[in-house]
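Engineer: So the sequence lines, in the order shown, correspond to chains R and H. Using this note's numbering, the first residue of the first sequence is number 309, and each one after it goes up by one. Using this note's numbering, the first residue of the second sequence is number 73, and each one after it goes up by one.
Be a bit skeptical, because a hint or two may be false.
A partial selection of chain R residues facing chain H, derived with a Cβ cut-off under 8 Å [to be verified]:
#, residue
1, L459
2, G474
3, E505
4, T510
5, M511
6, G516
7, L518
8, A520
9, K521
10, H528
11, P532
Straight-line C-alpha distance at most 20 Å; calculated PhoX-like pairs for lysine-lysine [unchecked claim]:
#, chain 1, residue 1, chain 2, residue 2
12, R, K446, R, K436
13, H, K340, H, K378
14, H, K259, H, K228
15, H, K388, H, K340
16, H, K184, R, K521
17, R, K602, H, K207
18, H, K184, H, K254
19, H, K254, H, K244
20, H, K228, H, K207
21, R, K604, H, K207
22, R, K446, R, K456
23, R, K521, H, K228
Everything labelled a hint here was simulated from the structure, so no lab data went into it. Heads up, the beta-carbon is just placed ideally off N, CA and C, and yes, glycines get one too.
One-letter residues, chain by chain:
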Amino acid sequence: MIVERISDTLWRRPKLLVVLLLTPPALWLGIIYLGSLFALLAQSFFSIDEFSGLINYEFTLKTYGELFIPANYDIILRTVTMSAAVTIAAAIIAFPIAYFAARYARGRWKAIFYLGVMLPLWSSYLVKVYSWKLILAKEGILNWGFEKLHLGWLLQAYLDLPFFGGNSLSTSVTGTFLVFLYVWLPFMILPIQSALERVPVTMIEAAGDLGAKPRQTFRHVLLPLALPGVIAGSIFTFSLTLGDYIIPQLVGTSRRYIGQAVYAHQGIAGNIPLAAAFAVVPILIMALYLWAAKRKGAFDAL
Amino acid sequence: MEFPMTIAVSFRGVSRHYGQVRAVDNVDVEIVEGEFFAMLGPSGSGKTTCLRLIAGFEQATRGEIEIFGTSMAGVPPYRRAVNTVFQDYALFPHLNVVDNVAFGLMVAGVPKAERLAAAEATLDLVQLADYGARKPSALSGGQRQRVALARALVNKPRVLLLDEPLGALDLKLREQMQDELKLLQRKLGITFVFVTHDQGEALSMADRVAVFNEGRIAQLGSPEDIYYRPNTPFVADFVGSANVLPPHVMKAVIGKELHGALRPEAIKLRDDGPHEATVRTTNFMGASTRVTMLMDGVQINADIKKGHAIPQVGAKVRLGWNDEDLHVMLGQE
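Can you build the whole structure from these sequences, using the hints too?
Structural biologist: Written as structure tokens, this is what we have:
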């Protein structure tokens, strides 16, 4: 049999098997994925001719300099702040949920947990964002709920705040934040949950046995052991928020985020170099973030 | 222990039920300060649950637990003057050895220099002086066991709880650690409560042994008591696999319908023996050979010392024993 002879040959030459297995993904990752990424990044070292609108294919850092003019720099700062806020809030909300799932949920409850976390991921991203736009709108259910609870004044007082507020939640920076938080939350819960699953119960008991109060057990044992999961989750929420251009387009103020800037520059304006330079920003920030996390010993428990 | 005895741990009518399952069922016991107390039993007999009740990881469904006279009702683990050596050691993987050992002092707010010095001194006590900078993952099983011991001892607990601490070690290391633990306990004078399913370990190390069966203490006594004078057929069988003679056999021997216990080494194969049995198997065990026989429908094990004749499988043999070796058990089950 030909199949058997192939299997025999592969058994005798394990290296050949490895080469056969690795070649397709290496080609995909190396050429199509990374290759196109680097082709894009190379664009950021070109510049656009202001008069003709044509791309000048000579190496220059001029485009990067443009990132630091106030209008562009504001976009970067706003996006990074939003990403950090979404990441921190997601971690705070996700941790107890993940802890419950890892420690207490068994059988049916575990299935309900997974379903609850994953179900929102099954539906269309656009539908979810539009739904939130309706929920947060002035005529939306949230407003209605506040009115019914006679708490309309509270919501109004919040919307009157200078930076966080706005005409309604759906046109405020708070609305953008809430929708980001909702959409990316599963990406924080799942890594934390899987990190906590690997922490034996006796580890928590040992800390208590040695005299650690619950707060100390959390600070000195649970959090360090779950940190790789928190970091993994924060990479998702942080980078997804950094790059997203749909949510701030549909929900929130007219102030722009990096994703929108990239979209606008490469599309309408035809300024591919500046779009590419903007695209480099999240990559640099993530690299810095990972480097800092590693230095702080976030991966020591791995 | 003739001097006035302080009770380190006392259980009064303690039960721990999980739904219908009675993991611990109405246990009364008093553990004396400074003694080496073993809780022995098969898995699921309630011995580990008792230990967890002392540590505070479980709460009693009924009954009263006191540690040095103070009721432990509603007292969480971190407020109890006991420390535990866990079966899986439960060392913190993100901390190096010395930080693991210093953990209890750290959460108690002891200044850094002081707690590191105390940790180093305790590591010295368990003969791991130069291992402080390593991560637990870089240690062998036996070394981890010592770190777990040091991490508990550095807090100077009044009672040290050990949950099958030697279970994961290989035989040679286990025997060595048994001796060391015993010496350490004598030296420090701390009350040790030691949970094990290994009867040899319990008998060789402990001052007193509580044999657990189905959530209750089947027998509480010195190792000699447990070994030579078991109360119930369960204890006789579980501790050192004594032969249990059922009432119908005992009636013929002593005239009373009670259970009897007879150690395998007490049985002599001799032509003038009063009982007849059929040999089923023989197993060479080094210093002796175990001969398994059937006598009046009851399985009897005999350990025949080196130098004596070993009967053939299937042979009919006659056997006997000295009257003082037959222990009559008053307990049932």
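Engineer: Has the given pair, R:K446 with R:K456, been kept, meaning a C-alpha gap of at most 20 Å?
Structural biologist: holds (14 Å)
Engineer: Is the Cα-Cα distance between R:K521 and H:K228 20 Å or less?
Structural biologist: holds (18 Å)
Engineer: Can you confirm whether the C-alpha distance between H:K388 and H:K340 stays at or below 20 Å?
Structural biologist: Holds, because 14 Å separates the two Cα atoms, which is no more than 20 Å.
Engineer: Quick check on the hint: R:T510 CB to chain H CB, less than 8 Å?
Structural biologist: holds (4 Å)
Engineer: Minimum Cβ distance from R:P532 to chain H below 8 Å?
Structural biologist: Holds - the Cβ of R:P532 comes within 8 Å of chain H, reaching about 5 Å at its closest.
Engineer: What's the verdict on H:K340 and H:K378, does the C-alpha distance respect the 20 Å limit or exceed it?
Structural biologist: Holds, at roughly 13 Å.
Engineer: For the hint on R:L518, does the least C-beta distance to chain H fall short of 8 Å?
Structural biologist: holds (4 Å)
Engineer: Would you mind confirming whether the straight-line C-alpha gap from H:K228 to H:K207 stays at or under 20 Å?
Structural biologist: violated (24 Å)
Engineer: The hint names R:E505 as touching chain H; please verify it with the least Cβ-Cβ distance against 8 Å.
Structural biologist: Hint on R:E505: violated, closest Cβ of chain H at ~15 Å, above 8 Å.
Engineer: R:A520 was flagged as interface toward chain H. Is the shortest Cβ-Cβ separation under 8 Å?
Structural biologist: OK, holds: R:A520 within 8 Å of chain H, min 4 Å.
Engineer: Next item in the hint list is R:L459. Is there a CB on chain H closer than 8 Å to its CB?
Structural biologist: violated (38 Å)
Engineer: Do the numbers back the hint for R:M511, that is, is its least Cβ distance to chain H under 8 Å?
Structural biologist: Check passed: Cβ of R:M511 comes within 5 Å of chain H, closer than 8 Å.
Taken one by one, the earlier hints fail for this structure at numbers 1, 2, 3, 18, 20, listed in ascending order.
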